[in-house]
Structure formats: structure tokens, C-alpha cells
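Build the full structure now, drawing on both the sequences and the hints.
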Amino acid sequence: MKRIVRATVLVRPKAGILDPQGAAVENALGHLGFSVSGARVGKVIDLEVDAADEGAARAAVEKMCEQLLANPLLESFEVTIG
Amino acid sequence: MASPQPRIGVVTYPGSQDDRDALWALAAVDAEPVAVWHEERELPDLDAVVVPGGFSYGDYLRCGAIARFSPATAAIVEFANAGGLVLGICNGFQILCEAGLLPGALGRNASLRFVCRDVPLVVERDDTPFTTRCTRGRTIVVPVKHGDGRYTPPPGLDPAQVVLRYGEACNGSVDDIAGVCNEAGNVLGLMPHPEHAVDPLLGSADGALILASLADAARTHALAAA
Chain A
36 MKRIVRATVL VRPKAGILDP QGAAVENALG HLGFSVSGAR VGKVIDLEVD
86 AADEGAARAA VEKMCEQLLA NPLLESFEVT IG
Chain B
9 MASPQPRIGV VTYPGSQDDR DALWALAAVD AEPVAVWHEE RELPDLDAVV
59 VPGGFSYGDY LRCGAIARFS PATAAIVEFA NAGGLVLGIC NGFQILCEAG
109 LLPGALGRNA SLRFVCRDVP LVVERDDTPF TTRCTRGRTI VVPVKHGDGR
159 YTPPPGLDPA QVVLRYGEAC NGSVDDIAGV CNEAGNVLGL MPHPEHAVDP
209 LLGSADGALI LASLADAART HALAAA
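Residue numbers (the numbering used here), protein chains in the order written: chain A, 36 to 117; chain B, 9 to 234.
Hints were generated in silico from the structure; no laboratory data involved. Possibly wrong hints are sitting among the right ones.
Here's a subset of chain A near chain B, in silico, CB distances under 10 Å, partners left out [said to hold, decoys possible]:
id	residue
1	48
2	52
3	54
4	56
5	58
6	59
7	78
8	103
9	104
10	105
11	106
12	110
Across the chosen pairs, the derived CB separations fall in these ranges [to be verified]:
id	chain 1	residue 1	chain 2	residue 2	range
13	B	38	A	50	45 to 53 Å
14	B	146	A	52	28 to 36 Å
15	A	97	B	210	41 to 49 Å
For each residue, glycine too, the CB sits at the ideal point set by N, CA and C.
Next comes the structure, spelled out in C-alpha cells:
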């Protein structure tokens with residue numbers, strides 16, 4: 036019996052990969068008077084997955100990340116289910 | 009007998025911009041340009057393929073990530089795996105990286121600025137089908153116009169796969185890499201636009217060296233097939 040499982044994918048620039056967007060955001064926050072460092076900009080992808088259970092949904096979403104949602108050379112990903 | 013005109017395809021995806029310039033430039037270097045639509049599952053009879061610049065499928069998710077799934081891209085992957093000559097320019101380079109035909113990935117320019125200007129390129133190899141009319145160690149001038157051209161090679165990239173390097177800082181690419189080929193040498197991707205530099209009136213004719221090299225190699229292929 037399949038059901039809808041909610042999943043959230045967090046895609047981040049990998050450690051050590053230059054993130055010019057993060058640098059620009061950090062700079063802009065500095066202009067607002069905030070003292071921050073280490074800003075990195077990634078993306079969030081929300082999904083509703085047809086799956087038998089949460090384990091199957093996680094396995095499917097991890098495959099999606101490897102095949103499309105993240106570029107393994109530049110980005111890391113984190114999957115949250117439910 | 010006159011040497012046959014090689015047939016070189018240029019793919020048009022939704023959002024391609026430089027397909028018409030590429031068709032025009034290929035005719036200028038005495039090739040027969042053949043327009044290929046992104047929905048075509050089988051390529052017509054071709055001696056080479058150019059994947060042009062632009063913003064295919066809006067460049068959603070990542071540049072080139074969606075174009076990888078178009079029927080024409082699947083046909084190009086098959087063509088390349090059979091030894092066919094494939095040249096990816098700008099967005100075409102990004103698509104070929106996403107499709108796994110070329111190593112590495114392209115990210116946002118380090119400056120965060122869109123760069124649009126002529127750049128010097130140092131020729132690292134003049135023995136590929138795309139650079140036989142160039143001279144190793146010489147500099148050619150070809151324009152760039154991109155926001156996502158910062159090349160990151162995979163760990164352990166064979167330096168022999170680097171065909172072109174920027175002669176000055178351009179977009180933050182690792183080791184100033186501007187163009188790379190696959191291991192077999194029949195697929196080249198580069199961010200600069202040779203199709204915009206085939207006539208001195210356009211500021212430089214150096215791009216014609218790359219396209220005419222491709223036309224030469226494609227002509228050899230056409231003759232062998234005849």
C-alpha cells in the first residue's frame with residue numbers, strides 16, 4: 036500500500052568549494068551591521084514521494100539526489116523525511 | 009572531385025541563444041550546418057555536433073541539469089560514445105558536463121558578475137580534432153559571456169585533458185581552465201564562444217580556428233564514410 040511521504044532535501048556547497056553567493060550575502064550582512072562569518076548559500080527542495088514507507092521514501096530521495104538534485108562534485112545533500 | 013562539405017549539427021533547446029550564430033559560423037568555415045531540434049530522438053546523418061550556448065530550459069536547478077534529459081541529448085551521448093565529434097560551447101559545455109560526457113562542473117563566477125568581453129586563451133593542445141589549426145603555446149582571442157563559468161575539475165583530472173586556459177583572470181576557474189576534452193579526445197567543452205569570432209569585423213577571427221579545425225576533422229569523417 037503506497038502513501039505520500041513528505042521529504043525535504045537540503046543541498047549545500049561542499050566544504051572547500053568556493054561559494055561566491057555566500058561571500059556576497061556575508062558582505063551584505065556586514066553592511067547591515069551584523070558581524071557574521073562562514074555564510075554559505077544552498078537550496079531546499081520539498082517533495083511529496085509515493086512510497087511504501089519512510090525507509091523506501093528515503094532510499095528513493097537519496098537516489099534522486101545522486102542522479103539529479105545535487106551535483107556530487109560541488110554539492111552535498113541531506114535528506115529529512117516526515 | 010571537390011572535398012565534400014561535412015555535415016555538422018547544431019541542437020536547439022528551449023532557451024538556446026547561440027544556435028543561429030553557430031549555424032552561421034559553421035557555414036562560414038565551409039561546413040554544411042544542420043539544425044537539430046531538441047525533441048529529435050535520432051540525429052540525422054552527421055559528421056559532428058555542436059551543443060550551443062544559451063540558457064536551456066531556463067537553467068533551472070543548475071545550468072545544463074535539465075537539458076541533460078532532452079531526447080536530443082540522449083542521442084548526442086550515444087553519438088559521442090560511438091566516437092562522434094561533439095563540441096559544447098558555454099551552456100553546451102555545462103550540458104555535456106551534466107550529461108557525464110565531460111569531467112568536472114561549472115559554478116557561479118567567483119566575482120558574481122556576468123562576464124562579457126574578449127579574453128585571451130592559451131592553447132594547451134593542438135592535436136585534438138578541435139584545435140589542429142591552432143598552435144600550442146600561442147594565445148587566441150575569443151569572447152566569453154557567462155555568469156556560471158567557474159570550472160571545477162574532478163579530483164585527479166589528467167592535465168592532458170586541458171585544451172584551453174584563460175590567459176588572464178576570467179571567472180575564477182581552477183587553474184584558469186577554459187576548455188577540457190574527454191579522455192578519448194572526441195568531445196570538447198569550452199566557455200568562450202568561437203562562433204562569435206569568425207570574422208575580423210566581429211573583433212576577432214580566432215574562433216574560426218577552432219570551428220575550422222572541427223570542420224576539417226568532420227570532413228575527414230565524411231570522406232571515410234563516403
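Outcome of the hint check:
Nearest Cβ of chain B to the Cβ of residue 48(A): about 8 Å, under the 10 Å cut. The hint holds. Given hint, residue 52(A) at the interface with chain B, holds; its Cβ is 7 Å from that chain's nearest Cβ, closer than 10 Å. Here the hint on residue 54(A) is kept, as its CB sits about 8 Å from the closest CB of chain B, short of 10 Å. About 6 Å separates the beta-carbon of residue 56(A) from the nearest beta-carbon of chain B, less than 10 Å, and the hint is met.
Taken as an interface hint, residue 58(A) checks out: its beta carbon lies about 8 Å from the nearest beta carbon of chain B, inside 10 Å. For residue 59(A), the suggested interface contact is upheld, since its CB lies about 5 Å from the closest CB of chain B, less than 10 Å. A least Cβ separation of about 9 Å between residue 78(A) and chain B falls short of the 10 Å threshold, and the interface hint therefore holds. With 10 Å as the threshold, the beta carbon of residue 103(A) comes within range of chain B, its nearest partner Cβ sitting at about 7 Å, so the hint holds.
With 10 Å as the threshold, the beta carbon of residue 104(A) comes within range of chain B, its nearest partner Cβ sitting at about 7 Å, so the hint holds. Interface hint at residue 105(A): satisfied, since its Cβ lies 9 Å from the closest Cβ of chain B, which is below the 10 Å cut-off. For residue 106(A), the interface hint holds, since its Cβ comes within 10 Å of a Cβ in chain B; the closest pair sits about 5 Å apart. The criterion of a C-beta within 10 Å of any C-beta in chain B is met by residue 110(A), whose closest approach is roughly 9 Å, and the hint holds.
At about 50 Å, the beta-carbon gap between residue 38(B) and residue 50(A) stays in the expected band of 45 to 53 Å. The hinted range of 28 to 36 Å is satisfied by residue 146(B) and residue 52(A), whose Cβ atoms lie roughly 32 Å apart. For the pair residue 97(A) and residue 210(B), the beta carbons lie near 48 Å from each other, so the given range of 41 to 49 Å is met.
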